[in-house]
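Colleague: Here's the letter readout for the chains.
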Amino acid sequence: GDSVTQMEGPVTLSEEAFLTINCTYTATGYPSLFWYVQYPGEGLQLLLKATKADDKGSNKGFEATYRKETTSFHLEKGSVQVSDSAVYFCALSRAKTSYDKVIFGPGTSLSVIP
Amino acid sequence: GAVVSQHPSRVICKSGTSVKIECRSLDFQATTMFWYRQFPKKSLMLMATSNEGSKATYEQGVEKDKFLINHASLTLSTLTVTSAHPEDSSFYICSARDIPRTGENTEAFFGQGTRLTVV
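Keeping their order, the protein sequence lines are chains A and R. Per this note's numbering, the very first residue in the first sequence carries number 1; after that it's consecutive. Per this note's numbering, the very first residue in the second sequence carries number 1; after that it's consecutive.
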C-alpha cells in the first residue's frame, strides 16, 4: 500500500540556517503530495502541496518539488526562524474522490534556537 | 479555504465515562469524514472513515465498540469514546473532503483537534 517515509529528527538548527527535511513516498500512479505543520499544542495546518510531477509547492519561504523519478518531496527553507519550530509531516493522498484518505509520514520535529 | 470545526478542543473526563467529539464542515458538504488519533510525539494514525448515512469503516486494530462514529448528516460526524480509560488519552483530529467536481482534485481539511485526557 501507499506509504510515506521522512527523517524523524529531532532537528535543531540555529536561526537563519538552511533547512532540509527529506521525504520519500511509495505509491502507484500519481498521488498528490503535501507538507503539513503542527505547532505546539495545535492542530494541523497545510503548509504546501503539489499535485503532479515537477510541480513546486511554496509557502512562507518553504518549498518542495514533486520528484517522480526519485519519489521524493523534500522540504526546504533558506533561512529558518524561531517561529518555524514545529513538527512537520509529509503526506500523500489520492485526491479524486471524497473517500481518499491522507497518509502521513512519522513527522519531523524542528527546533530553531536564537 | 473550507473550514472544518472540531469541538471541544480540550476535554478531561473521569475513567469509565463517555466523551463525544464533534466534527463539522462549515461551508461545504462532506459525504466522508476521517478520524485520526495522534499519540504524543507520534504521527497521525487513521482510526476510521465515516460515511454519511452508513456505518463507519474502521482500520485494523481499532475497537468499533470503544470508538463509536456517527455521521448523521453531510456536515456533522461525531466520535464517542465509550467507557474511557487513561490509555485512551490522546489527540484526536477529524478531516473532511468536499465533493469533487469532475476532473478536479479535492483537498482534505482538518479540524483543530481535541485533546482528551482521561483521569
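Just to be clear, a hint being listed does not mean it is correct.
Stated by the list, open to error - No more than 27 Å apart at the CA atoms, straight line, and that leaves these computed lysine-lysine pairs for DSS-like:
(1) K55(R) to K101(A)
(2) K20(R) to K64(R)
(3) K52(A) to K77(A)
(4) K41(R) to K60(A)
(5) K56(A) to K101(A)
(6) K20(R) to K101(A)
(7) K20(R) to K68(A)
(8) K42(R) to K101(A)
(9) K14(R) to K42(R)
(10) K101(A) to K41(R)
(11) K68(A) to K56(A)
(12) K41(R) to K64(R)
(13) K77(A) to K60(A)
(14) K101(A) to K14(R)
(15) K42(R) to K60(A)
(16) K56(A) to K77(A)
(17) K77(A) to K41(R)
(18) K42(R) to K77(A)
(19) K66(R) to K55(R)
Stated by the list, open to error - Derived, one-sided and incomplete: chain A residues facing chain R with beta-carbon distance under 7 Å:
(20) P40
(21) G43
(22) L44
(23) Y99
(24) V102
(25) F104
(26) P106
Unchecked claim - If you want the ones that stay clear, here's a sample from chain A, every Cβ over 10 Å from chain R, calculated:
(27) V11
(28) G41
(29) Q45
(30) K56
(31) H74
(32) V82
(33) D84
The set of hints was computed from the structure by calculation and includes no laboratory data. Don't be surprised by glycine CBs; every beta carbon is placed ideally from N, CA and C.
Colleague: Would you mind marking each hint as holding or not holding in the structure?
Modeller: Results for each hint:
no.	hint	result
1	K55(R) to K101(A)	holds (17 Å)
2	K20(R) to K64(R)	holds (15 Å)
3	K52(A) to K77(A)	holds (21 Å)
4	K41(R) to K60(A)	holds (24 Å)
5	K56(A) to K101(A)	holds (22 Å)
6	K20(R) to K101(A)	holds (23 Å)
7	K20(R) to K68(A)	violated (42 Å)
8	K42(R) to K101(A)	holds (18 Å)
9	K14(R) to K42(R)	holds (24 Å)
10	K101(A) to K41(R)	holds (21 Å)
11	K68(A) to K56(A)	holds (12 Å)
12	K41(R) to K64(R)	holds (25 Å)
13	K77(A) to K60(A)	holds (9 Å)
14	K101(A) to K14(R)	violated (32 Å)
15	K42(R) to K60(A)	holds (25 Å)
16	K56(A) to K77(A)	holds (13 Å)
17	K77(A) to K41(R)	holds (23 Å)
18	K42(R) to K77(A)	holds (23 Å)
19	K66(R) to K55(R)	holds (15 Å)
20	P40	violated (11 Å)
21	G43	holds (4 Å)
22	L44	holds (4 Å)
23	Y99	holds (5 Å)
24	V102	holds (5 Å)
25	F104	holds (5 Å)
26	P106	holds (5 Å)
27	V11	holds (14 Å)
28	G41	violated (8 Å)
29	Q45	violated (8 Å)
30	K56	holds (17 Å)
31	H74	holds (18 Å)
32	V82	holds (20 Å)
33	D84	holds (18 Å)
Going through the hint list in order, the structure does not satisfy hints 7, 14, 20, 28 and 29.
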